[in-house]
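Visitor: Single-letter residue listing:
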Amino acid sequence: MNIIVAGCGKIGKAVIATLCSEGHDVTLLDKNADLINEMTNIYDVIGVCGNCADCETLEEAAIDKAELFICVTGSDEMNMLSCFIAKKMGAKHTVARIRNPEYNDRSLGFMRQQLDLSMSINPELLVAQELYNILKLPSAFKVEYFSRRNLEMIEVKLKNDSPLCGKKLSKLREKQNVEFLIGAVLRGDRVIIPDGSFELAAGDEISIAAAPADMQKLLKGLGILKKQARSVMILGGSKTAYYLSKMLLASGNEVKIIEKDTARCEQLSELLPKAVLIGGDGSQQELLLEEGLRSLDAFVALTGMDEENILISIFASNQNVPKVISKVNRDEMAKMAENLGLDCIVSTKSITSDIILRYTRALNNSLGSSIETLYKIMNGKVEALEFKVLNDSKLLGVPIKDLTIKPGILIAGIIRAGKKTIIPKGDDVILQGDRVIILSAEYRISNLADILR
Amino acid sequence: MNRRMVLYMVGTVIKIEAALMLLPLAVSVIYKESCTKDFLISILIAVAVGFALTLIFKPGSKVIYAKEGFVIVSLAWIALSVIGALPFYISGEIPSYIDAFFETVSGFTTTGASILTDVESMSKGLLFWRSFTHWVGGMGVLVFVMAVLPSVSDRTIHILRAEAPGPVVGKIVPKMKQTARILYVIYIVLTVVMAIFLLAGKMPVFDSIVHALATAGTGGFGIKADSVGSYSPYIQWVLTVFMLIFGVNFNLYYLILLKKIKSVLKNEELIAYIVIVVISSVAITVNIMPMFENLSDSIRHAAFQVATIITTTGYATVDFNQWPTFSKTILLLLMFTGGCAGSTAGGFKMSRVVLLIKKIKRELQKLLHPRSVSVIRMDGKRIDEATMGSLGSYLAIYVLFFCLFVFILGFETFDLESNISVVASCFNNIGPAFGIAGPASSYAMYSPFSKVVLSFAMLLGRLEIFPLILTFSPSTWVKK
Chain C
2 MNIIVAGCGK
12 IGKAVIATLC
22 SEGHDVTLLD
32 KNADLINEMT
42 NIYDVIGVCG
52 NCADCETLEE
62 AAIDKAELFI
72 CVTGSDEMNM
82 LSCFIAKKMG
92 AKHTVARIRN
102 PEYNDRSLGF
112 MRQQLDLSMS
122 INPELLVAQE
132 LYNILKLPSA
142 FKVEYFSRRN
152 LEMIEVKLKN
162 DSPLCGKKLS
172 KLREKQNVEF
182 LIGAVLRGDR
192 VIIPDGSFEL
202 AAGDEISIAA
212 APADMQKLLK
222 GLGILKKQAR
232 SVMILGGSKT
242 AYYLSKMLLA
252 SGNEVKIIEK
262 DTARCEQLSE
272 LLPKAVLIGG
282 DGSQQELLLE
292 EGLRSLDAFV
302 ALTGMDEENI
312 LISIFASNQN
322 VPKVISKVNR
332 DEMAKMAENL
342 GLDCIVSTKS
352 ITSDIILRYT
362 RALNNSLGSS
372 IETLYKIMNG
382 KVEALEFKVL
392 NDSKLLGVPI
402 KDLTIKPGIL
412 IAGIIRAGKK
422 TIIPKGDDVI
432 LQGDRVIILS
442 AEYRISNLAD
452 ILR
Chain U
223 MNRRMVLYMV
233 GTVIKIEAAL
243 MLLPLAVSVI
253 YKESCTKDFL
263 ISILIAVAVG
273 FALTLIFKPG
283 SKVIYAKEGF
293 VIVSLAWIAL
303 SVIGALPFYI
313 SGEIPSYIDA
323 FFETVSGFTT
333 TGASILTDVE
343 SMSKGLLFWR
353 SFTHWVGGMG
363 VLVFVMAVLP
373 SVSDRTIHIL
383 RAEAPGPVVG
393 KIVPKMKQTA
403 RILYVIYIVL
413 TVVMAIFLLA
423 GKMPVFDSIV
433 HALATAGTGG
443 FGIKADSVGS
453 YSPYIQWVLT
463 VFMLIFGVNF
473 NLYYLILLKK
483 IKSVLKNEEL
493 IAYIVIVVIS
503 SVAITVNIMP
513 MFENLSDSIR
523 HAAFQVATII
533 TTTGYATVDF
543 NQWPTFSKTI
553 LLLLMFTGGC
563 AGSTAGGFKM
573 SRVVLLIKKI
583 KRELQKLLHP
593 RSVSVIRMDG
603 KRIDEATMGS
613 LGSYLAIYVL
623 FFCLFVFILG
633 FETFDLESNI
643 SVVASCFNNI
653 GPAFGIAGPA
663 SSYAMYSPFS
673 KVVLSFAMLL
683 GRLEIFPLIL
693 TFSPSTWVKK
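Protein sequence lines, in the order shown, are assigned to chains C and U.
Number 353 in the numbering used here belongs to position 352 of the first sequence; there are no gaps in the numbering.
Number 695 in the numbering used here belongs to position 473 of the second sequence; there are no gaps in the numbering.
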């Protein structure tokens, strides 16, 4: 597919990397020639230097032949304007990053319609949602929802003292009276799609799928439930912090935000009357202790500096804060932070690229089924996809045990009639109108029929 | 340094060469020549070496950086020439291996300098291979590899930069593979069109194909003792026009296909190229008028010689060695400018000349107004200072190597005019020179040592110096 990406910032780079690995024809647009040079050295892409809202620049990038135009420059207004012009000049679909809270209220729908945007993405809001999900379920270090929260998939890391170590999956399943599925296990660098005889070990990262209503019960039964966070401290008053606080406050949590800039503190205080705003430098340990770091349920580091987030998070874990989450922008930093002992890291880049990935796959899609959701789980090694089954005759009505599914692919869940969650067994069947959740470790699936051999 | 990847790519290129040798093999089979078995042996050797390299050095990581790009390109070109010389040597038609190597380097670098004293006695298969090397070398072997093989690495841009000539190298579509394919399709179509035009002029089929191949690569190996002098004026005009066509940046042809004629007509390099061709042709026509009977002959010969030199092809319709000094001087200068960047022509490249002139203008302005700030633009685009800086260093190293080669040839007993023009001719990938190595004679009288040096000069000229120097500097290979 012919795709133009305008803006080579942090998000832009992540999007470009994802699109290239999918084999698309990517053209970059940026004002900075050095950045373009750098990107063309690393990826098989072509670059055009210039203002992305300028018709001539867009023309040079062959906008009329672009199937998708993704605008992720630093400025919302610029993104909206460029997408508007790009659409008028012949781009088939346009995606803009719009992250300012003022645009992300009721006006967003109107604007999207008027500007003819196919999609708007707000990485900060997405990150905040992810953080919120994790804080609701602190046992997990990653939480994903499928089909309007009808299926929940969490990732848990087994510590040395975890009660699950050395257990066989079939035994675990017998003991619990809730339906669940351990869909994938990451051991070292290797991903395993396990069967019943698989034995869990310390250090494994496992992915558990279950209906949200059953999840708490399940975790309790497995003995790995941590209590929900009630009082949360957020470091840094960024947009993400704003979105997250808003969600946390709405569900009755206590939120304390530490922010250096007094003016920003005042602004946030005005927007979030219930939150406690502390004007001070969060990198000072004394300040954190004074504000009750030790009595917190959760600590979230959201400053713009990856290094600061990581270091302060390490300090917080040493002070025995039950749940510490740090946000990092650069993926290589995420790996380093994991080595330093932080287990819960949220990356802005991967969340955004998951969305773009889903969108481009869906555009590529044929008629049989449509991709509704896509997440990369297990360190990006496994794709979890949700399909809406329209009319794929090869799959419909056949018991799952009779389908010849490719190795490394698993049907993790079926949602029937929009509300009934089925954790599939051999005798279950897929029907028209179902939503099916697939885990794929090796193959790139863009159509439900792709899972068959 | 990702050594495994470097050697793997070299092995791949040798395998491709083995495949390419099937064509001359076919030619020799058609003409039932004795060199058929020589091609078979060469192909077997190439296949063996190629597979040995690719199997032994299967790379773990395919990540390459600029450094690897340079080394891959230089080693691949050296390997190509070493293997490509085998048919000449094994057949015994060129008895000395150094001579065969010189001939092959001259072929792949699209120089067209020959050590053969009696071309017409060569077998058809070898003559075809000689001209085919021009065609392959013209657009670049590694570009060909990228066009036909599944994506080798994400970072093949480094290989393209190292192989393709010109100060600024870029892709024309996002994917490297597509870019390489588009360039080769344009190349093949133009070559076929040219062959048809030659056939229309009643040129024999074999001659048409060989000349089309050699002209497309702007190489210049002929198959007659007097180059193309004995062909009809129509054929000479066809050659003139097509030499000039192959001296133009191929990206412009793609723009024409996209119907962006306006930006093609505004291309500053193209304008400079056309202006220089026209002025030189007129000047030489006037200068040589007394030597020919009528005006049309002198126009034809002047235009042909200008085209052959500026595009660094190196055919000749007459022995321009006999021309007045003024005309010879113009031709010598044209040797240095060369064709456009991104074409199959060699030389210093027209775009570099244009940029240098702009740079000089700016320096002069700076002297008058020390605080003036100005940005150099070409085709309406800003040229960044890094490119301008590397242009300066390229000029310096170009001059330096030129002097070095002239110095080394000084050990030969020939006159200075011959030596200087021979170096200019090899370094800029032209072919014929003045004096003893003029269009009517050959390079046979130079010593084996000088031939090796001149082979090196041709490779340096084709790959634009830096890749080869980096390959042979120890710091590139140091493990860090």
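By construction, these hints were calculated from the structure, which means they are not laboratory data.
Keep in mind the model is a prediction, meaning the values are calculated, not measured.
Please note that a few of the clues may not be correct.
[Said to hold, decoys possible] In silico lysine-lysine, DSSO-like type, Cα no more than 27 Å apart, as pairs:
1. C:32 <-> U:346
2. C:93 <-> U:399
3. U:424 <-> U:580
4. C:240 <-> C:93
5. U:481 <-> C:93
6. U:484 <-> C:32
7. C:218 <-> C:420
8. C:377 <-> C:11
9. U:603 <-> C:89
10. C:32 <-> U:237
11. C:93 <-> C:172
12. U:259 <-> U:289
13. C:93 <-> C:66
14. C:89 <-> U:481
15. C:377 <-> C:389
16. U:484 <-> C:66
17. U:446 <-> C:227
18. U:482 <-> C:66
[As the list claims (entries may be wrong)] Over the 10 Å line for every Cβ pair with chain C, so calculated as not near, a few chain U residues:
19. 244
20. 278
21. 281
22. 287
23. 377
24. 378
25. 380
26. 393
27. 396
28. 397
29. 398
30. 400
31. 406
32. 452
33. 625
C-beta: ideal position from N, C-alpha, C; glycine also.
Visitor: Now tell me, hint by hint, if it's right for this structure.
Guide: Hint by hint, here is what the structure shows:
For the hint pairing residue 32 of chain C with residue 346 of chain U, the CA-to-CA distance comes to about 56 Å; that exceeds 27 Å, so the pair is violated. Proximity of residue 93 of chain C to residue 399 of chain U is assessed by CA-CA distance (about 25 Å); at most 27 Å being required, the pair is judged to hold. At roughly 46 Å between alpha-carbon atoms, residue 424 of chain U and residue 580 of chain U are farther apart than 27 Å, so this suggested pair is violated. Under the criterion of a C-alpha separation no larger than 27 Å, the hint pairing residue 240 of chain C with residue 93 of chain C is inconsistent with the structure, at around 31 Å.
Distance check on the hinted pair: residue 481 of chain U and residue 93 of chain C sit about 22 Å apart at the alpha-carbon level, within 27 Å; holds. For the hint pairing residue 484 of chain U with residue 32 of chain C, the CA-to-CA distance comes to about 25 Å; that is within 27 Å, so the pair holds. Proximity of residue 218 of chain C to residue 420 of chain C is assessed by CA-CA distance (about 19 Å); at most 27 Å being required, the pair is judged to hold. Distance restraint check for residue 377 of chain C and residue 11 of chain C: the Cα-Cα separation of roughly 18 Å lies within the 27 Å cut-off, and the hinted pair is therefore satisfied.
A distance of roughly 25 Å separates the Cα atoms of residue 603 of chain U and residue 89 of chain C; the hinted pair therefore holds under the 27 Å criterion. Restraint check: the Cα-Cα separation between residue 32 of chain C and residue 237 of chain U comes to about 42 Å, which exceeds 27 Å; the hinted pair is violated. Restraint check for residue 93 of chain C and residue 172 of chain C: not satisfied, since their Cα atoms lie roughly 52 Å apart, outside the 27 Å limit. A C-alpha spacing of about 39 Å is found between residue 259 of chain U and residue 289 of chain U, which places the hinted pair above 27 Å, so the restraint is violated.
At roughly 8 Å between alpha-carbon atoms, residue 93 of chain C and residue 66 of chain C fall within 27 Å of each other, so this suggested pair holds. Note on residue 89 of chain C and residue 481 of chain U: the hinted pairing holds, with a Cα-Cα distance of about 21 Å set against a maximum of 27 Å. As the CA atoms of residue 377 of chain C and residue 389 of chain C are separated by approximately 18 Å, the hinted pair is consistent with the 27 Å bound. For a cut-off of 27 Å, the pair hint linking residue 484 of chain U to residue 66 of chain C stands: about 20 Å separates their Cα positions.
For the suggested pair residue 446 of chain U and residue 227 of chain C, the alpha carbons sit about 89 Å apart, so the restraint of at most 27 Å is broken. With a C-alpha separation of about 15 Å, the suggested pair residue 482 of chain U and residue 66 of chain C falls inside the 27 Å cut-off, and the hint holds. Once the 10 Å rule is applied to beta carbons, residue 244 of chain U is consistent with being away from chain C; the minimum gap is 30 Å. Taking the minimum C-beta to C-beta distance to chain C, about 27 Å, the non-interface status of residue 278 of chain U holds against the 10 Å cut.
Under the 10 Å C-beta cut-off, the non-interface status given to residue 281 of chain U relative to chain C holds; the minimum distance is some 17 Å. Against chain C, the non-interface label of residue 287 of chain U is violated: not every CB pair exceeds 10 Å, the least being about 8 Å. Not every CB of chain C lies more than 10 Å from the CB of residue 377 of chain U, the least distance being 7 Å, so the non-interface label is violated. Not every CB of chain C is more than 10 Å from the CB of residue 378 of chain U (nearest about 7 Å), against its label as outside the interface.
Residue placement check: residue 380 of chain U does not keep its beta carbon more than 10 Å from all beta carbons of chain C (closest about 7 Å). In this structure residue 393 of chain U is not separated from chain C by more than 10 Å, as the shortest Cβ-Cβ distance comes to only about 5 Å. Here residue 396 of chain U does not stay apart from chain C, with its beta-carbon only about 4 Å from theirs, under the 10 Å limit. The Cβ of residue 397 of chain U does not lie farther than 10 Å from every Cβ of chain C; its closest approach is about 6 Å, which violates its non-interface assignment.
Some Cβ of chain C comes within 10 Å of the Cβ of residue 398 of chain U; the nearest lies about 5 Å off, and the non-interface call is violated. With a minimum CB-CB distance of about 7 Å to chain C, residue 400 of chain U fails to clear the 10 Å threshold, and the non-interface call is violated. Interface exclusion of residue 406 of chain U from chain C stands, the closest Cβ pair being 17 Å apart, more than 10 Å. Interface exclusion of residue 452 of chain U from chain C stands, the closest Cβ pair being 47 Å apart, more than 10 Å.
Consistency note on residue 625 of chain U: stated as away from chain C, and its beta-carbon is indeed over 10 Å from all of that chain's, at 33 Å minimum.
Comparing the model with each numbered hint stated earlier shows that hints 1, 3, 4, 10, 11, 12, 17, 22, 23, 24, 25, 26, 27, 28, 29, 30 do not hold.
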